[in-house]
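2 protein chains.
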Amino acid sequence: MIVKQGIILEELEEKLKVCFKDKELLKVALTHSSYANGKKNIKFNERLEFLGDSVLQLSISEYLFSKYTNKSEGELTKRRALIVCENSLHEIAKRWGIGRYIKMSKGEELTGGRERVSILADCVEAIIAAVYIDSGFQVAKEFVIDNFKDTIEKAIKNKIILDYKTKLQEVMQKNGDISIEYVLTKHEGPPHRRKFYTQVSVDDKVLGKGIGYSKKESEQNAAQEALKKMEEENE
Amino acid sequence: MIVKQGIILEELEEKLKVCFKDKELLKVALTHSSYANGKKNIKFNERLEFLGDSVLQLSISEYLFSKYTNKSEGELTKRRALIVCENSLHEIAKRWGIGRYIKMSKGEELTGGRERVSILADCVEAIIAAVYIDSGFQVAKEFVIDNFKDTIEKAIKNKIILDYKTKLQEVMQKNGDISIEYVLTKHEGPPHRRKFYTQVSVDDKVLGKGIGYSKKESEQNAAQEALKKMEEENE
Numbered sequence: 001m002i003v004k005q006g007i008i009l010e011e012l013e014e015k016l017k018v019c020f021k022d023k024e025l026l027k028v029a030l031t032h033s034s035y036a037n038g039k040k041n042i043k044f045n046e047r048l049e050f051l052g053d054s055v056l057q058l059s060i061s062e063y064l065f066s067k068y069t070n071k072s073e074g075e076l077t078k079r080r081a082l083i084v085c086e087n088s089l090h091e092i093a094k095r096w097g098i099g100r101y102i103k104m105s106k107g108e109e110l111t112g113g114r115e116r117v118s119i120l121a122d123c124v125e126a127i128i129a130a131v132y133i134d135s136g137f138q139v140a141k142e143f144v145i146d147n148f149k150d151t152i153e154k155a156i157k158n159k160i161i162l163d164y165k166t167k168l169q170e171v172m173q174k175n176g177d178i179s180i181e182y183v184l185t186k187h188e189g190p191p192h193r194r195k196f197y198t199q200v201s202v203d204d205k206v207l208g209k210g211i212g213y214s215k216k217e218s219e220q221n222a223a224q225e226a227l228k229k230m231e232e233e234n235e
Numbered sequence: 001m002i003v004k005q006g007i008i009l010e011e012l013e014e015k016l017k018v019c020f021k022d023k024e025l026l027k028v029a030l031t032h033s034s035y036a037n038g039k040k041n042i043k044f045n046e047r048l049e050f051l052g053d054s055v056l057q058l059s060i061s062e063y064l065f066s067k068y069t070n071k072s073e074g075e076l077t078k079r080r081a082l083i084v085c086e087n088s089l090h091e092i093a094k095r096w097g098i099g100r101y102i103k104m105s106k107g108e109e110l111t112g113g114r115e116r117v118s119i120l121a122d123c124v125e126a127i128i129a130a131v132y133i134d135s136g137f138q139v140a141k142e143f144v145i146d147n148f149k150d151t152i153e154k155a156i157k158n159k160i161i162l163d164y165k166t167k168l169q170e171v172m173q174k175n176g177d178i179s180i181e182y183v184l185t186k187h188e189g190p191p192h193r194r195k196f197y198t199q200v201s202v203d204d205k206v207l208g209k210g211i212g213y214s215k216k217e218s219e220q221n222a223a224q225e226a227l228k229k230m231e232e233e234n235e
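If you're matching them up, the sequences are chains A and B in order. Position 91 of the first sequence, counted from 1, bears residue number 91 in full-length UniProt numbering, the numbering being contiguous throughout. Position 217 of the second sequence, counted from 1, bears residue number 217 in full-length UniProt numbering, the numbering being contiguous throughout.
Read the hints as simulated data drawn from the structure, not as lab findings. Ideal Cβ placement from N, Cα and C applies to all residues, glycine included. Treat the hints with caution; some may be incorrect.
[Unchecked claim] Sample of chain A residues at the chain B side, in silico, Cβ under 7 Å:
#1 Phe50
#2 Leu51
#3 Ser54
#4 Gln57
#5 Leu58
#6 Phe65
#7 Lys78
#8 Glu115
#9 Asp134
#10 Ser135
#11 Phe137
#12 Val139
[To be verified] Calculated pairs, DSSO-like style, for lysine-lysine (alpha carbon to alpha carbon, straight line, at most 27 Å):
#13 A:Lys43 <-> B:Lys71
#14 B:Lys43 <-> A:Lys157
#15 A:Lys149 <-> A:Lys78
#16 B:Lys67 <-> A:Lys21
#17 B:Lys71 <-> A:Lys71
With the rest of the complex left out, here is chain A (with noise of 0.2 Å):
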């Protein structure tokens, strides 16, 4: 079992590009607080990622600061809200596979906590702060930026896009009016754990579809894929 652990832990490492010196680190990192509940003495993330916060915040910070010399106050403020958010930690966590390496209790995994949004976002902070007691600030900045570099980029271009059904008949309405359709097409699993599929089309043309635990989750990954589509197309 010890064995077996290791493997994965290395697995990861190699993901994260990152060999810790302290492995205990990255297990508390990857140890949601749920797997704590009821034992004694397990060490779970939520404190890592109290730390793994402000080391986010201050390696994005200090990078803008940097290198865009020109721009004012508010311009960085705007753009580390862009960049240092759940929604980009989300991005990152799916990039690593995170959610099959977070240690959690049999009834969170059951509920879809392994794709559960916040764990995985709060988990990419915990591994940061991991990162930074391992090896300190100058490490920890290297390994955020590399990690937050296409995001960077995306928000610096303002291609940061937060609704994109918005967007989606911003672009579409372009060519004058035009009705935008989501449909439902079918959920499935348990009430606890629905997964829903919506198409999004206009004149009967499926422009894209999109899976998600809520509706909503669903229409927004419906109008991503289809923005993605026709940007793909203009290319």
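Given the coordinates of chain A, assemble chain B onto it according to the supplied hints.
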């Protein structure tokens, strides 16, 4: 003039217990945006303030994280919010006597800029950023902790009071129902820079006096003085 400014900067550096390698950084940290208005190529402290806020956050977060290993994430967040706020930055600015070192427009100065809480607090954050850029995170962290240690101690002991009037009410009512009276005794100065003088009393006994740039501020200061006197009497 250059010599004079050099001497003034040296004086402040002594108070801060910091010697800047790059004096220009300290100068920018001490320049309010109003001073740069309508002038070309004058750097002011808003961008530094953006960076300093994050340096401060991480310094305090790490200190709390390392020192209070038994406190939960929620507890740590609460304490940090008490420590990292305009109020405590203002306290530090007053301790340094920083108001007189700030470059600002005549207009700002005439309307009480040198005592304005937001200007003073922002300036402290800008100085923290200047230390960070000049000497790195380790030095900046030590600088922060050294200057915030009283505030941290109070926050940990739950001794930070945000509303002195309410606190005074609570303390006084331990001895049964009483009526606390705030009386505006005088005001002076032009309308845009009026100073208010208030005294607080119970049964015609004056407990404390306070001055402020609004009635509210003078009442809070009167209540604060009353609480301080009572504490000293109990010691």
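So, going through the hints one by one against the coordinates:
no.: 1; hint: Phe50; result: 5 Å, holds
no.: 2; hint: Leu51; result: 5 Å, holds
no.: 3; hint: Ser54; result: 4 Å, holds
no.: 4; hint: Gln57; result: 5 Å, holds
no.: 5; hint: Leu58; result: 4 Å, holds
no.: 6; hint: Phe65; result: 5 Å, holds
no.: 7; hint: Lys78; result: 11 Å, violated
no.: 8; hint: Glu115; result: 22 Å, violated
no.: 9; hint: Asp134; result: 14 Å, violated
no.: 10; hint: Ser135; result: 13 Å, violated
no.: 11; hint: Phe137; result: 5 Å, holds
no.: 12; hint: Val139; result: 12 Å, violated
no.: 13; hint: A:Lys43 <-> B:Lys71; result: 12 Å, holds
no.: 14; hint: B:Lys43 <-> A:Lys157; result: 25 Å, holds
no.: 15; hint: A:Lys149 <-> A:Lys78; result: 17 Å, holds
no.: 16; hint: B:Lys67 <-> A:Lys21; result: 22 Å, holds
no.: 17; hint: B:Lys71 <-> A:Lys71; result: 39 Å, violated
Violation of the numbered hints given earlier is confined to hints 7, 8, 9, 10, 12, 17; the remaining hints are satisfied by the structure.
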